[in-house]
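Visitor: If you're matching them up, the sequences are chains A and B in order.
With positions in the first sequence counted from 1, the corresponding number in the working numbering is that position plus 1.
With positions in the second sequence counted from 1, the corresponding number in the working numbering is that position plus 151.
Do not rely on the hints blindly, as some may be mistaken.
Stated by the list, open to error - Quick list of in silico lysine-lysine cross-link-like pairs, DSS-like style, CA-CA up to 27 Å:
no., chain 1, residue 1, chain 2, residue 2
1, A, K186, A, K241
2, B, K298, A, K170
3, A, K154, A, K222
4, B, K224, A, K50
5, A, K65, B, K288
6, B, K224, A, K23
7, B, K288, A, K170
8, A, K65, B, K207
9, A, K23, B, K282
10, B, K182, A, K50
11, B, K217, B, K207
12, B, K183, B, K216
13, B, K288, B, K300
14, A, K186, A, K139
15, B, K282, B, K298
16, A, K65, A, K186
Just so you know, the hints here were simulated from the structure itself, not pulled from any lab data.
One letter stands for each residue in the lines below.
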Amino acid sequence: MKGLQGYSMNLDYIDISKFLDKDRICLDYLQRNAIYDGAEMYYFNGCRKIEVWMRQATNQVNIKGSIPYFINGHNFYASHQDWLEGLDYIQGCLNVNIYSGQVNSFEFGTIQEIPFPEPDFLNHHIKVRGMEARAYHKGQVLTGREFVSPSLKIKLYDVQRNIKTKLDKPIRADLSRDYGWDSRKHYIKLENHYRQPEAYFKGNVQLSELLSSSFQQDLKKGLLTSYQSIMKTGTTAIPKSKADINAGTIPLMILKELEGLYDFNTEELIKGKLKEIPEDVFSPDDRKARLRTIRDNLKKISQQGGSRYDIAELLQARLEA
Amino acid sequence: MNERFIETSHIPLTYVKKDGTKGSFYLSNGKKGILPQRISLGIFAQKKESQKDKLKKDEINGTYKKTEEGLYKSLNNGRVHSSIWGFEEYPEFYGYGIIDERYALYDLVIMYSGNNCSSSFDVHLFRGMGKPDFIQKAFHYLRCYIKQKPQ
Chain A
2 MKGLQGYSMN LDYIDISKFL DKDRICLDYL QRNAIYDGAE MYYFNGCRKI EVWMRQATNQ
62 VNIKGSIPYF INGHNFYASH QDWLEGLDYI QGCLNVNIYS GQVNSFEFGT IQEIPFPEPD
122 FLNHHIKVRG MEARAYHKGQ VLTGREFVSP SLKIKLYDVQ RNIKTKLDKP IRADLSRDYG
182 WDSRKHYIKL ENHYRQPEAY FKGNVQLSEL LSSSFQQDLK KGLLTSYQSI MKTGTTAIPK
242 SKADINAGTI PLMILKELEG LYDFNTEELI KGKLKEIPED VFSPDDRKAR LRTIRDNLKK
302 ISQQGGSRYD IAELLQARLE A
Chain B
152 MNERFIETSH IPLTYVKKDG TKGSFYLSNG KKGILPQRIS LGIFAQKKES QKDKLKKDEI
212 NGTYKKTEEG LYKSLNNGRV HSSIWGFEEY PEFYGYGIID ERYALYDLVI MYSGNNCSSS
272 FDVHLFRGMG KPDFIQKAFH YLRCYIKQKP Q
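Chain B on its own, in the form it takes in the complex:
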């Protein structure tokens, strides 16, 4: 799978934390109508004592407003959720998640932040690339993409 193909499925979005909130981020840059304008970051669900959960880094949650259009609005009453997992080979990234396996969708979300998500993060959405075979390729593409991007 070459970079040109991965590029066609890539949608970059930037979220910035709203002042005075614990983990509420708003879309500041990127295409509207993909993920909700507001996304929260943090593990709010009751934690299970499983080995798998120890690898979990975070969770993203968001709900589309009534007037808002979105790629996943028809699923789960407009609520978007994904766990974020670390990927050891690409430690510069905050983690990755998949939206939304419950609905047989495999859109890969890779999160990148220069400030460990304390004030902002980038969400890189790769449509249809949430299958194990493609995840590493998307990470590799993104590493090159971020290196080439003017800082």
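Excised from the complex, chain A in its bound form:
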């Protein structure tokens, strides 16, 4: 059976810099684009473009872009071999050994099929301790979340939307044939964007090092750890009976789920709010009656161990694939 199971996690975007010393770069294969702030920008044409920046002042070349997009026209999956071929082609054309270049930033991620609609899944992934949380919407629909620290950005987004809107039909047909992609299913992309590898890995990272199997293995584990660090909601079990879900139960379900994340007690908060209401509006009996209703509603909600939106097990299986 075709599916993503056999395809693991892989590198995507990369920014490499290389000091040229006495080497001369070959520009014959590049298309000149513009000059920005003392740096000349060129394009390398493949299935998608790769940027090549020449910085004369520092005698440095920067290569930026997604090798999977460049070599395959998509970033659904790219094998190690795809990477080597793409890099060999670039370095062959530029006449520069880019494997000894320094990695300034890169992305490592995976696409995962999920059993929930993508916006639902994203809605239940809330925050990571110590990281700034950002949400991305298209209209009213949540399409992505990012958790940002100075050296790392964890990205979680609706990749199905990207595939349907950004990729041409022939490429989508390739994805179906080669990786079992199905337009009716749900897929998300989880990515670690290492913004400052030298800070994160406590030392400069060379491209050859990044491509080594031991480093790749560490990146896979890092991706799983990143996912596990995301706090999830979806820990309350939805009542089986329709009669147990009234207009008052639903906000309580949300509050109960957020308790763990934001460290508060739902019942105490509600009691406090009731006390704030002046006695000429709410008599003590009114207050007791409201509290009784709320307690009845709370009894209908039961908490389960983990979030039902947690896909750590699916990712673990991919890591071991």
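Starting from the structure of chain A, add chain B where the hints point.
Guide: What follows is chain B alone, placed relative to chain A:
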């Protein structure tokens, strides 16, 4: 390396022999400004008695005219040259060459002809694919490309 990527580097050109000449071919189809409009086919250099030369099938030579633009015009005073070697696994092709290793360029040229280059040939240029790792992939791509092309 998938076919889509190879396709982005592929430039097909067709040359037709000028009547009354021994080996003078002119561009009849394909993008101008790549190779010279006129290309000659034939081994004119003095042959060395080396094993390597026995494998050589032919040579292509061409010079850009003063008014002509071309991909390789700035190299070697506008003179383009490549030896053409046979590739056993793909005998339907006349051969392949590389333009121009002397200038650290590795553009692969694969020649195809339905008439053994007696009246015309196609030049399939693959930019940056003249390295040993890529040559076979380009041949494989081209075999499929020619099969699919309406005859």
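Visitor: Hints first: check each against the structure and report whether it holds.
Guide: For each hint, the structure was consulted:
1. Under the criterion of a C-alpha separation no larger than 27 Å, the hint pairing K186/A with K241/A is consistent with the structure, at around 26 Å.
2. At most 27 Å may separate the alpha-carbon atoms for a hinted pair to count; K298/B and K170/A meet this at roughly 23 Å.
3. Our distance criterion of 27 Å between C-alpha atoms is met by K154/A and K222/A, whose separation comes to about 16 Å.
4. Note on K224/B and K50/A: the hinted pairing holds, with a Cα-Cα distance of about 25 Å set against a maximum of 27 Å.
5. For the hint linking K65/A to K288/B, the alpha-carbon distance of about 26 Å falls within 27 Å, and the restraint holds.
6. With a C-alpha separation of about 26 Å, the suggested pairing of K224/B with K23/A holds against the 27 Å cut-off.
7. The straight-line distance between the Cα atoms of K288/B and K170/A is roughly 24 Å, inside the 27 Å bound, and the hint therefore holds.
8. The hinted pair formed by K65/A and K207/B fails the criterion: a straight-line CA distance of about 40 Å is larger than 27 Å.
9. Pair hint K23/A plus K282/B holds up; C-alpha atoms about 24 Å apart against a cutoff of 27 Å.
10. Taken as a hint, the K182/B and K50/A pair is honoured in the structure, with Cα atoms around 22 Å apart against an allowance of 27 Å.
11. Between K217/B and K207/B, the direct Cα distance comes to roughly 31 Å. Violation of the 27 Å bound is thereby established for this hinted pair.
12. With a C-alpha separation of about 13 Å, the suggested pairing of K183/B with K216/B holds against the 27 Å cut-off.
13. Between K288/B and K300/B the alpha-carbon distance is near 18 Å, which keeps this suggested pair within the 27 Å criterion.
14. Between K186/A and K139/A, the direct Cα distance comes to roughly 20 Å. Compliance with the 27 Å bound is thereby established for this hinted pair.
15. Pair hint K282/B plus K298/B holds up; C-alpha atoms about 24 Å apart against a cutoff of 27 Å.
16. With a C-alpha separation of about 32 Å, the suggested pair K65/A and K186/A falls outside the 27 Å cut-off, and the hint is violated.
Consistency with the previously given hints fails for numbers 8, 11 and 16, ordered from lowest to highest.
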